[in-house]
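Q: This note's numbering puts the first residue of the sequence shown at 11, with every later residue one more than the last.
Note that these hints are calculated values from the structure, not bench results.
We put the CB at the ideal spot given by N, CA and C, even for glycine.
It is possible that some hints are incorrect.
As a list, the in silico EDC-like pairs of lysine to aspartate or glutamate whose alpha-carbon atoms are at most 20 angstroms apart [as the list claims (entries may be wrong)]:
#, residue 1, residue 2
1, Lys119, Glu214
2, Lys165, Glu177
3, Lys119, Asp77
4, Lys167, Asp143
5, Lys165, Glu179
6, Lys199, Asp73
7, Lys16, Asp48
8, Lys199, Asp95
9, Lys119, Asp73
10, Lys16, Asp29
11, Lys16, Asp44
12, Lys199, Asp90
13, Lys16, Asp60
Computed spacing ranges between beta-carbons, pair by pair [said to hold, decoys possible]:
#, residue 1, residue 2, range
14, Gly78, Ala203, 28 to 36 angstroms
15, Thr102, Arg39, 24 to 32 angstroms
16, Asp60, Asp95, 19 to 27 angstroms
17, Glu179, Gly118, 42 to 50 angstroms
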Amino acid sequence: MTTRRKYPGAADYVPRTHDLDAMRDAAGRCHGCDLYRDATQTVFGEGSPDAGTVLIGEQPGNDEDLDGHPFVGPAGHLLDRALDDIGVDRATLYLTNAVKHFRFVQRGKRRIHQQPRRTEIVACTPWLTAELDLVAPELVICLGAIATQSVLGAKAKVTELRGRTVELEHFRVGATVHPSSVLRATDRKQAYADFVDDLTQLFEQG
Numbered sequence: 011m012t013t014r015r016k017y018p019g020a021a022d023y024v025p026r027t028h029d030l031d032a033m034r035d036a037a038g039r040c041h042g043c044d045l046y047r048d049a050t051q052t053v054f055g056e057g058s059p060d061a062g063t064v065l066i067g068e069q070p071g072n073d074e075d076l077d078g079h080p081f082v083g084p085a086g087h088l089l090d091r092a093l094d095d096i097g098v099d100r101a102t103l104y105l106t107n108a109v110k111h112f113r114f115v116q117r118g119k120r121r122i123h124q125q126p127r128r129t130e131i132v133a134c135t136p137w138l139t140a141e142l143d144l145v146a147p148e149l150v151i152c153l154g155a156i157a158t159q160s161v162l163g164a165k166a167k168v169t170e171l172r173g174r175t176v177e178l179e180h181f182r183v184g185a186t187v188h189p190s191s192v193l194r195a196t197d198r199k200q201a202y203a204d205f206v207d208d209l210t211q212l213f214e215q216g
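All chains should be built: construct the whole structure from the sequences, respecting the hints.
A: Quick look at the structure:
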C-alpha cells in the first residue's frame, strides 16, 4: 500500500513581517515540501505592493523556474497580450502562483511540467495567504483550477465560476482558465477570445 507523503508545510518559514521583500527572501529558504529539491529556485510573487488586483496562477513553469520571475514564459506572454487588449497595465497588478516551486519530470534534456499534488498545494498555502494579507487587494483573479481551489476550496470549479466574482471577507474572487490552456486549445483564437472576455468581466466586477 502506498503511503501518502506528509509535508511539514510552509508555516514555520513564513516570517512575521509587513515587508514583501523580506517575505520573498524567506520564501527562498522554504523546505515546506520536497519541490525545492529539484527546482532551480523559489519563484515568489511580484508586482505592485499595494495592487488593487492580484492574479494567481498554478506554479512556475520552466522559464519562470530558470528566470526567477512569475509569468515570463509563453503563458505569461499571452497573459500580457490579453491585459494589453483590455487596457490593464501589468505594473499595477501583483502576480503570483499557488505553488512557488516548479514541479516537473525530466525526460532527456527536457523538463516536462507536472501538476502539483494537493499536498504540495496545501503545504505552500501559507505563502499565498501571507501575500494576500500584505497586498490586501480588492480583487483576486484565479487563473486555472489549482489557483481557484487554493483560494475557494478543493470543490471549486472554474467551469462554474469563470467570468464572475464571489465575495469573501476581505476581497472579491473571480476565476478563469490558466493562459497555458489557451495555448493548448484546438481553437486557440476562440479560446483566447473567451479568456479576454472573462478578464474583461472580472475587472469590471472588481
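Q: Looking at the structure, which of the earlier hints fail to hold?
A: 1, 4, 6, 10 and 13
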